[in-house]
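S.K.: Using the sequences provided together with the hints, build the complete structure.
Converting from the sequence shown to our numbering requires adding 13 to each position, the first position being numbered 1.
Because the hints were derived from the structure by calculation, they are not lab data. One should not assume that every hint holds.
As the list claims (entries may be wrong) - Below, simulated PhoX-like cross-link-like pairs (lysine-lysine); rule was C-alpha separation at most 20 Å, straight line: (1) Lys290 - Lys87; (2) Lys202 - Lys112; (3) Lys87 - Lys112.
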Amino acid sequence: MLASYDVDASATVGVLSRAMRHFLALLILILALGVGETISLAGGESISESPVVMIRLDGAIDVPTAEYLERSLKVAQEHRAQCLLILLNTPGGLGQPMKDMTEVLLNSPIPAIVYVYPAGAFAISAGTFVALSANVAAMHPTTTIGAAHPVQLFSMPDMPEPEVEDSDDGDEEADAEQKEPSKNAMVEKMVNTFALQARVIAESRGRNADWAEEAVRESATLSAREAVDLGVVDLLAEDVPELMAELDGREVSLPGGRTTVLRTDGAPVEEVSASVKERFLHVLADPNILLVLLVLAGLGIMFELQNPGAILPGVIGGLSLVLSLYSMAVLPVNYAGVGLIVFGMLLLLAEVKIVSHGVLTVGGVASFVIGALMLMDTSLTSALRVSWQVIVFMALLLVVFFLFVIGAAIRAHMRKVKTGEQGLLHERGRALTLLNPSGSVLVEGERWRARAVEGEIAEGQDIEVVRQEGFELIVRPRADR
14 MLASYDVDAS ATVGVLSRAM RHFLALLILI LALGVGETIS LAGGESISES
64 PVVMIRLDGA IDVPTAEYLE RSLKVAQEHR AQCLLILLNT PGGLGQPMKD
114 MTEVLLNSPI PAIVYVYPAG AFAISAGTFV ALSANVAAMH PTTTIGAAHP
164 VQLFSMPDMP EPEVEDSDDG DEEADAEQKE PSKNAMVEKM VNTFALQARV
214 IAESRGRNAD WAEEAVRESA TLSAREAVDL GVVDLLAEDV PELMAELDGR
264 EVSLPGGRTT VLRTDGAPVE EVSASVKERF LHVLADPNIL LVLLVLAGLG
314 IMFELQNPGA ILPGVIGGLS LVLSLYSMAV LPVNYAGVGL IVFGMLLLLA
364 EVKIVSHGVL TVGGVASFVI GALMLMDTSL TSALRVSWQV IVFMALLLVV
414 FFLFVIGAAI RAHMRKVKTG EQGLLHERGR ALTLLNPSGS VLVEGERWRA
464 RAVEGEIAEG QDIEVVRQEG FELIVRPRAD R
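M.R.: The structure is reproduced here in structure tokens:
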């Protein structure tokens, strides 16, 4: 029994020993793989099995757009995404949000990929700066980039010129040469600032800095293939899957001297949509919406003032006014245009009360249309401009509203009162009995106790109500009989 026990114990120890050796070998292998991965990440990070977070920037660049980008980058970091993919399609936008977005992209701790997409999209004006700021810039073959002149970002008014005395004909050309630099000083300063910024961004990303500066100074534009040939963007792709395949294995530099290698082929793509708040504020940052809000604010408040107690028009007008104030805070609004719009509404209101034979109506519509055209302090045609369709529709709405709705309300207020003591004033009737001085009369089909102002009134004689005292009418004979 003892020998048997020794044999069994020896076999058990052998099994345990072999199992321990296998376990130690597996542990050493795991540690070796871990050390190898750590070394790989220290030299040049190789990211695999990590998702790609994707967002869509569509429309004019504004404050909500910049907030959307910043929030999406934080979400990508929380999800441990290997990169942030930005589908860009913009005609440009505001200068400060653009600056905020370029700063976010240049300092992003994870790779930022800007893809001008879909077919027919463009990265114009402020969009050019956003594309240049990305770690990797890609374009669909049928897209466009460029036209980043800062005058399209900010409409710079001419500086007032000092008055000078008349000069001789020989000195006119010299005076003109002296005036021109001072007149364009603000514009030149802005152009130089943005040109230098574009050059610095392009150089930091290893892109064509000369063209970036030309896009600002000369509004140069490029097709997608030309942009790749000139080194403005990195690659072309027909769609997102093709882009992911093209990016796979690409080494990207990050802030702090770090590098990472993208492993995007087959990686899951997670789209981060704009929040309800961001979408709502983005809608409010539309010049067309601003014009609609201004009109609704004016109509609602004026209707409430003309008809106190209507409540709903006042609520709509007040809400529209508050929302329009936000829009004016984030858009480059020309307040001269706002003043002309308000002045046009006042002229249309005056037309309802004053007989001008259409002069005030024409003036009001003209003031409104000119104000709507001047509403945006920018010359960027396709990005921040009120469309003609919206202007014409709102002008017609104003004319119809003031001439019919407000007009009917004012005429109702001016109409003679039909009830109470005032309703009986100057009403005509007939004496049912002799009034000497009291008796009965018939007024508006009703029998009243009445008293003659003076003298007596014969039965059947026509009378006119002078006033009412309690339940008794004071009457007099009709003057036309």
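S.K.: Take the hints in turn and mark each one as holding or not.
M.R.: Results for each hint:
For the given pair, Lys290 sits about 17 Å from Lys87 by alpha-carbon distance, which is consistent with the 20 Å threshold. Only pairs whose Cα atoms come within 20 Å are accepted, and Lys202 paired with Lys112 is accepted, the gap being roughly 17 Å. Taking the CA atoms of Lys87 and Lys112, the gap is near 18 Å; set against the 20 Å cutoff, the hint holds.
Violated hints for the displayed structure: none, as all numbered hints are satisfied.
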